Amino acid sequence: MIGYALRRLGFGAVVMFLVTVFVFMIMRLVPGDAVSLQLQDTGVSKAEADAMRAEFGLDDPVWVQLWTWLGDAVQGDLGTSFYSGESVVDLFLARIPVTVQLGLMAMMLGAVLGLVVGVVAAATRGSMVDGAMRLFAVAFLSVPNFVVALLVLTGLAIWFAWSPPIVYTGPAEDFTSWAQQIAIPVIALGTGGMASVARLTRSSMLESLGSDYIRTVRAKGVRERVVIAKHALRNSTIAVLTLLGLELATVLGGTVIIERMFSLPGTGQLIYQAVLDRDYPVVVACTIFYAGLFVITIILIDLLYALVDPRIRSGKALS
Amino acid sequence: GGGGGTGGSTDSGAAAPVGAPKPGGTAVLQLPSEITNGLNPLISSDPTLNTLLSGSVYGKLIDIKVGPNVKAWELEPDLAESWEVAKDGKSYTFKLRKDVRWHNIAPVNGRAFVADDVVATFEALKKATRVHQWMIEPVTSIEAPDEHTVVFKLSKPYAPMLDYLAYHFNMILPREGVEGKFDLATQAIGTGPFMLDKHTPDVEWVFKKNPDYYIKGKPYVDVIKRPIMTDIAAVTAALRSGRLDSGTTSDQNVAKQLGEQGLKVAETPGAPVSFFINPKVEPFDDLKVRQAVAQAIDWVGMGENIRGKFNLTSLVRPDTSAAALTRDEVLKLRPYDPENAKKLLAEAGLPNGFSTKLMVQRVDDEDVREAQWMQEDLAKVGIKMELEMVDPATGIDRRRKHDFPMAKALRGVHLPDQVWRDFEKESLENYTSVDDAELYELLAQSRAEQDEDKRNEIYRKMQTRMETEIVQVLYPIQKFDYGITGARVQGLYESPIYHGRRLADMWLNES
Amino acid sequence: MTVPSPPLLEVNDLYVQFPTPTGPVNAVAGVSFTVSAGETVAVVGESGSGKSVSSLALLGLLGSGKISSGSVLLRGDELVGAGREKLRRLRGAEIAMIFQNPMSSLDPLFTIGDQLIEALRVHRPMSRRAARARAVELLREVGLPDPERRVRAYPHELSGGQQQRVMVAIALTCEPALLIADEPTTALDVTVEAQILELLRTMQRDRGTALLLITHDMAVVAEMADRVVVMYAGQVVEHGLVEDVLRDPRNPYTKALIDSIPTPATPRDRPMPAIAGNVPTPAQAPPGCRFHPRCPSVFERCSVDAPRLYQLGETRASRCWLHETEPSGSVAETVEEVHRVG
Amino acid sequence: MASGPQLADERAAPLFEARDLVKQFRSRRTVVQAVNGVSLKIPRGRTVGLVGESGSGKSTVARLALRLLDPTSGEVSFDGVDLLRASRAEMRALRRRMQIVFQDPLGSLNPRMRVLNAVGEPLSVHGIAKGKDKADRVVELLERVGLSSGDLYKFSHQFSGGQAQRIGIARALATDPDLIVCDEAVSALDVSVQAQVLNLLKELQAELGLSYLFIAHDLNVVRYMADEVCVMYLGEIVERGDGDELFADPRHPYTKMLVSAVPEFAPELADGRGRRSIPRGEPASPSDPPPGCRFHPRCPQAMRRCREEAPAMHRVPTGRAVACHLFDAPAAPADAEREASER
Amino acid sequence: MTQKPTLTDEAPAVRSAPKPPRPPRRLGVRQVLTALRTFVRSQPLGAAALLLICFFVFVAVFAPLVAPYDPVQQFRRDILEPPSGTYLFGTDDLGRDVLSRTIYGAQTSLLIGVVTTGVSLVLGTAIGVVSGYFGRALDVVVQRVMDSVQAIPGIVLLLFIAVILGPSVRNTIIALTVVITPSFNRIARAETLRVRQEPYVEAARATGAHAPRILALHVLPNLLASVLTLGSLIFAGVIIAESALSFLGIGAPPPTPSWGLMLSEGVRYVERAPWLIIVPSIALSIAVFSFNLLGDALRDHLDPRLQRRALDRVTGLWWGRRMLSRLAPSLSRAADKN
Ligand SMILES: Nc1ncnc2c1ncn2[C@@H]1O[C@H](COP(=O)(O)OP(=O)(O)OP(=O)(O)O)[C@@H](O)[C@H]1O
Ligand SMILES: Nc1ncnc2c1ncn2[C@@H]1O[C@H](COP(=O)(O)OP(=O)(O)OP(=O)(O)O)[C@@H](O)[C@H]1O
Ligand SMILES: [Mg+2]
Ligand SMILES: [Mg+2]
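Residue numbers (the working numbering), protein chains in the order written: chain A, -14 to 304; chain B, 7 to 517; chain C, 144 to 485; chain D, 2 to 344; chain E, 100 to 437.
It should be emphasised that the hints constitute simulated quantities derived from the structure, not laboratory data. Treat the numbers as computed from the prediction; the structure is a model and nothing was measured. Fair warning: there could be bad hints in the mix.
Partner residues aside, some chain E positions facing chain B, computed with beta carbon under 8 Å [said to hold, decoys possible]: (1) R175; (2) D177; (3) I178; (4) T185; (5) D192; (6) V262; (7) P352; (8) P353; (9) P354; (10) Y368; (11) R371; (12) P373.
With a cut-off of at most 25 Å between alpha-carbon atoms, the simulated DSS-like pairs for lysine-lysine come out as follows [stated by the list, open to error]: (13) K31(A) / K407(B); (14) K294(B) / K348(B); (15) K31(A) / K231(B); (16) K31(A) / K204(B); (17) K214(B) / K71(B); (18) K229(C) / K215(A); (19) K348(B) / K386(B); (20) K431(B) / K31(A); (21) K204(B) / K93(B); (22) K31(A) / K93(B); (23) K231(B) / K204(B).
Taking beta-carbon pairs under 8 Å as the criterion, some of the chain C residues facing chain A (in silico) [claimed, not checked]: (24) F161; (25) G206; (26) R232; (27) A239; (28) M240; (29) N244; (30) S247; (31) S248; (32) A262; (33) H266.
Note that the Cβ used here is the ideal one computed from N, Cα and C, for glycine as well.
Okay, chain A solo, but in the shape it has when bound:
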């Protein structure tokens, strides 16, 4: 297991390195730079702009930039923002809680609702309930989340003259305010997840419900409720876990629109703005962080598998 984990970590490191190289290569191709942006409206001369470029190291060839960055990174220095001069690590760490809260809550909502819908649909396979639930799930899949968010937001404002609190507060500071604030984004983000979880739950439930061991459990005289909730559901979790883990990795990277819409100070906004601002240190660092998150999520999923499935724990492949 340890060897396996090390190998995965090794792969993870390779992936992160490749990501870094990609990002540096891409940045080379991107038009415009932070200097032009910062110096607009200032009537500055070209020479001065070039001096500033040199200061940021933007005039070096890209491989020198990459090499310098790697050298610094190895020493734990991931750079500072071209704009605020803050350490990118601080920038990222300050914003990650919001994104994680949003992502986790959305996932939890999606997971809980999705599981319920999926289980009910599987248990009532072929019935009206099943049909309705699947329809419902697909309907949610086919509306972009920002549209859901806008409809909810506008609807509440029009009919109830209510809107979420404007200023983001952490859950520890003011729980009610936080809950109100995060509710709509979570719903918007969660519904899509719900639909895919429901789909997957249904199909893997059906798969387990048709399996031999479920027949054994039924033959023991166990109540259908228990059959479904205990045996079938638990056996479906592997697939659902995979989905959830990977959704987490993507949800975290994909909250840009929602974060902007609800003025949530998360990483989505940070990275989006950094790309637009050509704030390369921030872009690189965020991307690396995300890649790391992706890699870690995948390793975590593996560990979770092992937790759920004793066969994996003891190193046997999935059946």
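Model the placement of chains B, C, D and E with the ligands on the given structure of chain A, informed by the hints.
Below, chains B, C, D and E with the ligands alone, put in the same frame as chain A:
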């Protein structure tokens, strides 16, 4: 540049105040974006920074007047009680107020404001070559003969000097800040009505009342919160629910809707819509083609339909200068005349039109709609124009590299002299490579001309020349933004520039 | 055990239908048999002949299929049409089952102890602690080495034979009156098969449990069963005492089937006696006698009319038109009538 | 066709010969010793049978024989050519002459291929026939295995298991091979169908002079098919000899156990029940084989020596070879033909 | 007592087919019709979805005939007109006919959907199949590269590509293709690892078939079902993604009519002119719904018994909300272990 999109003011309420001003309360005013570059005014030209600090935290020597009856650009004293311009125009003397104290924050600790601070500020500004030095370029020395007098010596007459000093960039900093005793990038200690209290990155800025403000009894409100809100739907919802006191939108439909629902809507003059035609790209090297383009587009219709409230303008803004051409004057120079446009094209040897591209740097949704409007109008005279959407960084880069046939952006300039600076030969912002000796001659004259009316006359000539002979840069309309305020906000007047001092006059009518 | 006791289980003219994309299909079409208390009845037949379906139907474990007609009497109590709850109470308590593939028949995510305890506590109120103790005891009884430790093992940690032992233990938790073993050794090696068969035999002997043993292996039948039911294409074609049927198969199918089994005595230099053709699926069952296209003794009538099950003596019946004209003169009687008699 | 128990045909060089085959599968943590020193000779036109429990390495031997896997060590030769040294081109040419039939009849047919192409694949691969020729040849093959031209354009799922296995055999026959490896070719079939296929295989052998490596776990089937039967246990051949004799008089304790475990189907015996001895223990795992004789933990006759020393192959007078210390008779250790060498 | 067994036993089915049937033509009209008929019969819901998709395709292809107006023509007197006889679904903020835009929007949206899905399907499958089949170092390298592409947050990739290439329909397709290709790679690789171990592949190898032949004739056809199913689901995801890109201003440039763009433009008028988002939303939902249903049906139809398991996993894991289904590490890992 593009970032200066929301131009003038972000918050404003035009209606006459209800009842008498009363102190206290917390006002929540939308801030459309976060600062990008730290708080140091010597380094940053970020409009958001000016929105936040200029006038509200830092005072200026001179300010512009706002209020219920002020229509035009008019200077008024701020830290300088009075000023005097030497006959030759080469020396400016300012008498400073004696009752001004810095905010009571370490390391400045509420000491008195003195002439030395002004000297320190402007000396630093002259050295801060990267940013605003150009405004005071002819200034050769700044001296403080006594604690409350400052003298600016210039190398040549420089008529726009006072306007620039009132401009939002020229905040007066304490010497401690300039000398690095505190970090100007993270701290702001000024003389303004409000003190910076708290900043949560990407979330909000909080200001509290400066109890030692030199105007007794002001500011009225205790706290101003500036939550960062980008999305108009969220702003609208928050305005409706009363969580937000003031917000801005560029969308007339939204404004109308909110107005109907009992919110106060103030039409606030904003940045000019800027349209660039690059004569280095064929067929725009032919003046006739450029004229054809200018005349083929129904600018008035565009303003009416897309912006709602707008000014038909030439290059100079009516709200910052009396030199701006009026609507009729503009219409005469640049009529909507598709027939004539076709004729001009035919004369240029392009009777069947041609294909081209418009680089659109989007600031608000209306920009995109305007681009589509222009597209359709040009199509009618046979010019097939494709839209090329770019992000700000790409936009600024390509404009500076003259890498576009036509471009549309929002160029956030306010003052007449500032407008012309862009077209100087060496200017980085001379996107369309304007190179017109006559124009430059006029510009030099204007700077030397002390008399305002005469100077305005020169500006008019320059606008006419730009509209008829050059036609490389058009600021065809000035857009308006819609400041929307809740019922309780009183005394918040619009301003063409970032003008935080007016917040001192704002009060809340808790009803 | 040659004298049949009053039947514990009586299956009468059972039809099971499955919906398929091409319309409903009768996977089982008129199956009847009885199992008496303490008796071992084997059901043999080739793949797809409906053995599993018939047995699963007894307990309502058919999934998408349903019993379309017939009756299942457990001690005279009708199970067809009984409520879900009633069937559930029977499962495990009165009728237990073990299945072909032990690897996939145990829930991989629970320890075998948990699965045993679940079986114990479903039908009887019992503390977890007591259940665990009983589980260990049961594991010991089925011959699992080191049961105290193994009770915490997961299914995949056991070999196939051990897993099947656990299945037997689970089946026996509530001392059921009838144990249905659906090909319990097909997936196992011969050496292990012998062990499991031995286990079943001792368990059954010690507890007096009736055993319905489903298999396709005549040798297992010969080893284990008192009576045998031979199925073909969803129907019973012959049944009787094992000695009788194996020694003297009366139905041509049974005969051919037995012949085609290689034994140590099969001469190597001669071709194996084989049955031509293939087992039809229920959907494509031919008209008339379902075996007629492959039958060596086929004659005209076979392809037209479906033969009934002829009673040949007290304990014996066969489905073949040959019996109608049989000179032996045994009374041709349908099995249904026999059931009516007793 | 039939022949007596003439083993180890010395007259002609065997068609196929494997010597000391060892195959280890290494995974990250374990080494599975799937095959551990197996030697085999298949004379032309003969059948060598391989029986053993699940996991004893039968399929691995089959794959090694066809060089679908490369052995960890050992030698394989086919018609005098060393397969392990054969070049790619040589190997390809040789593949025409050796074919395999798998256990799972449906699984070994590509579900998306029509019979024509499935059976004709070897013809296309080796450029033997194309288009009409190919179709003709396939029809011929189909008829030979008891199918008809009507099946030419069907897909595998339209066939029953027995028919599918015939298609598999037809495919194996397409290139006129000399050797066919039947890896549990009849295990998945019902007895009645199994008999058909066995007959077919024998018939083909008689007609075409094929050699078979016939793998099964059913002793009776192997006995029926093979001229020589090899019994495998945990990757090793423990006993070999004529099937009838092996059955009648198993020598190796494992063979004995196996034979006695087979449930006896003897209708003529009125009461054979409970007569068998029940085998002890369970096969050990090939990833952790016991030291010494691999069978010793289950062997009723195990001695101390068995725990320490792996037995060599001993030739016993009846023309059989047994790998067991019990046969390490003082009489003739020199006679012991060391066919299998342990490490 | 035994009948003499014949080598060619005379099963009646065999007897009744004396002459070889004509080989089925590859793509005759009859074959297509037959295939369709069986599909309709076994998957009525899927058939309905197919019908809807055909409808969309028809509308898209014949947009000029179907649409009442030019989709970019601005009726400047009729800005934000509610639905009426003249404008069936009202007009937008530039006075363009919403119905016509929606109809032409089908063109853009379907084009983006089809091309993106098609190209990434081909690319991803090719990469996955080759990498999975040959394994070893190639596999490790290729998969790490694919992982890296996946590990970069989709939004960063999309933004960068949009910024570098500029927003256009073509570039939207390129950007989405880059983002989606790894998921096809994953599923194709996982399926290849599965198929590679099928006995029929081993049989082909035993025959001496070359790798290209095995890949083309044995591996590809047998993983196509799962890949196609994933494809039909990703297709729907692409259309949604396009709307998100448009919302961020990096999608198809105006005035191109596309559902995503219409949604993102119209969303500001939810209150004043709800028809601006209702109409494209409904079109989008129905299209997405159809593709989902078709995906389900395809899965059931193509593979009633095979591959069910792997497929269910995969199809559950499709785009869901965000950029990708980064699916099947579990699948590939499970396969790795063998
Ligand atoms: N769920 C189902 N849907 C449709 N048909 C089914 C279903 N289950 C079983 N059948 C059909 O019923 C017939 C009898 O199946 P059954 O499993 O009883 O056979 P069996 O005798 O147990 O065979 P085996 O020896 O292979 O286990 C088969 O032809 C099968 O195709
Ligand atoms: N590719 C492989 N990688 C790792 N281990 C393998 C591989 N192939 C086979 N083995 C292992 O080698 C041993 C022998 O396997 P093999 O398939 O040869 O046995 P077998 O006798 O054919 O068994 P069965 O009767 O079940 O087919 C088994 O323990 C098996 O798990
Ligand atoms: Mg069965
Ligand atoms: Mg094998």
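Consistency of the hints with the structure:
Among the interface hints, the one on R175(E) holds; its C-beta lies about 6 Å from the nearest C-beta in chain B, closer than the 8 Å criterion. Interface hint status for D177(E): violated, as the beta-carbon distance to the closest one in chain B is roughly 11 Å, over 8 Å. The interface hint given for I178(E) is met, as the beta carbon of that residue sits about 6 Å from the closest beta carbon of chain B, less than 8 Å. A distance limit of 8 Å between C-beta atoms decides the matter here; for T185(E) the minimum to chain B is near 18 Å, and the interface restraint is violated.
Taking 8 Å as the C-beta contact cut-off toward chain B, the hint placing D192(E) at the interface holds, the least distance being around 6 Å. The restraint placing V262(E) at the interface with chain B holds, with a minimum CB-CB distance near 6 Å, inside the 8 Å limit. About 5 Å separates the beta-carbon of P352(E) from the nearest beta-carbon of chain B, less than 8 Å, and the hint is met. Below 8 Å, beta-carbon pairs count as interface contacts, and P353(E) has one with chain B at about 5 Å; its hint therefore holds.
This hint holds: P354(E) has a C-beta 5 Å from the nearest C-beta of chain B, less than the 8 Å allowed. The beta carbon of Y368(E) is positioned within 8 Å of a beta carbon in chain B (closest approach about 6 Å), and the interface hint is therefore held. Given the 8 Å rule on beta carbons, the hint for R371(E) holds: about 6 Å separates it from the nearest Cβ of chain B. Given hint, P373(E) at the interface with chain B, is violated; its Cβ is 12 Å from that chain's nearest Cβ, farther than 8 Å.
At most 25 Å may separate the alpha-carbon atoms for a hinted pair to count; K31(A) and K407(B) meet this at roughly 11 Å. Among the hinted pairs, K294(B) with K348(B) is consistent with the structure: their alpha-carbon atoms are about 10 Å apart, no more than 25 Å. For a cut-off of 25 Å, the pair hint linking K31(A) to K231(B) is broken: about 39 Å separates their Cα positions. Only pairs whose Cα atoms come within 25 Å are accepted, and K31(A) paired with K204(B) is rejected, the gap being roughly 37 Å.
Taking the CA atoms of K214(B) and K71(B), the gap is about 23 Å. The hint holds against a cut of 25 Å. With a C-alpha separation of about 21 Å, the suggested pair K229(C) and K215(A) falls inside the 25 Å cut-off, and the hint holds. For the given pair, K348(B) sits about 9 Å from K386(B) by alpha-carbon distance, which is consistent with the 25 Å threshold. This hinted pair checks out: K431(B) and K31(A) have alpha carbons roughly 13 Å apart, not beyond 25 Å.
Distance restraint check for K204(B) and K93(B): the Cα-Cα separation of roughly 46 Å exceeds the 25 Å cut-off, and the hinted pair is therefore not satisfied. For the proposed pair K31(A) and K93(B), the alpha carbon gap of about 36 Å is over 25 Å, so the pair is violated. Between K231(B) and K204(B) the CA atoms are separated by roughly 9 Å; this keeps the pair inside 25 Å, and the hint holds. A least Cβ separation of about 13 Å between F161(C) and chain A goes past the 8 Å threshold, and the interface hint is therefore violated.
Proximity of G206(C) to chain A holds as hinted, the smallest CB-CB distance being about 7 Å (cut-off 8 Å). Given the 8 Å rule on beta carbons, the hint for R232(C) holds: about 6 Å separates it from the nearest Cβ of chain A. Below 8 Å, beta-carbon pairs count as interface contacts, and A239(C) has one with chain A at about 7 Å; its hint therefore holds. Taken as an interface hint, M240(C) checks out: its beta carbon lies about 4 Å from the nearest beta carbon of chain A, inside 8 Å.
A distance limit of 8 Å between C-beta atoms decides the matter here; for N244(C) the minimum to chain A is near 6 Å, and the interface restraint holds. Proximity of S247(C) to chain A holds as hinted, the smallest CB-CB distance being about 4 Å (cut-off 8 Å). Interface restraint check: S248(C) against chain A, minimum CB-CB distance 4 Å, threshold 8 Å, status holds. With a least beta-carbon distance of about 4 Å to chain A, the hint placing A262(C) at the interface is held under the 8 Å criterion.
Annotation: H266(C) was flagged as interfacial toward chain A, and the flag holds, the nearest CB pair being 6 Å apart, inside 8 Å.
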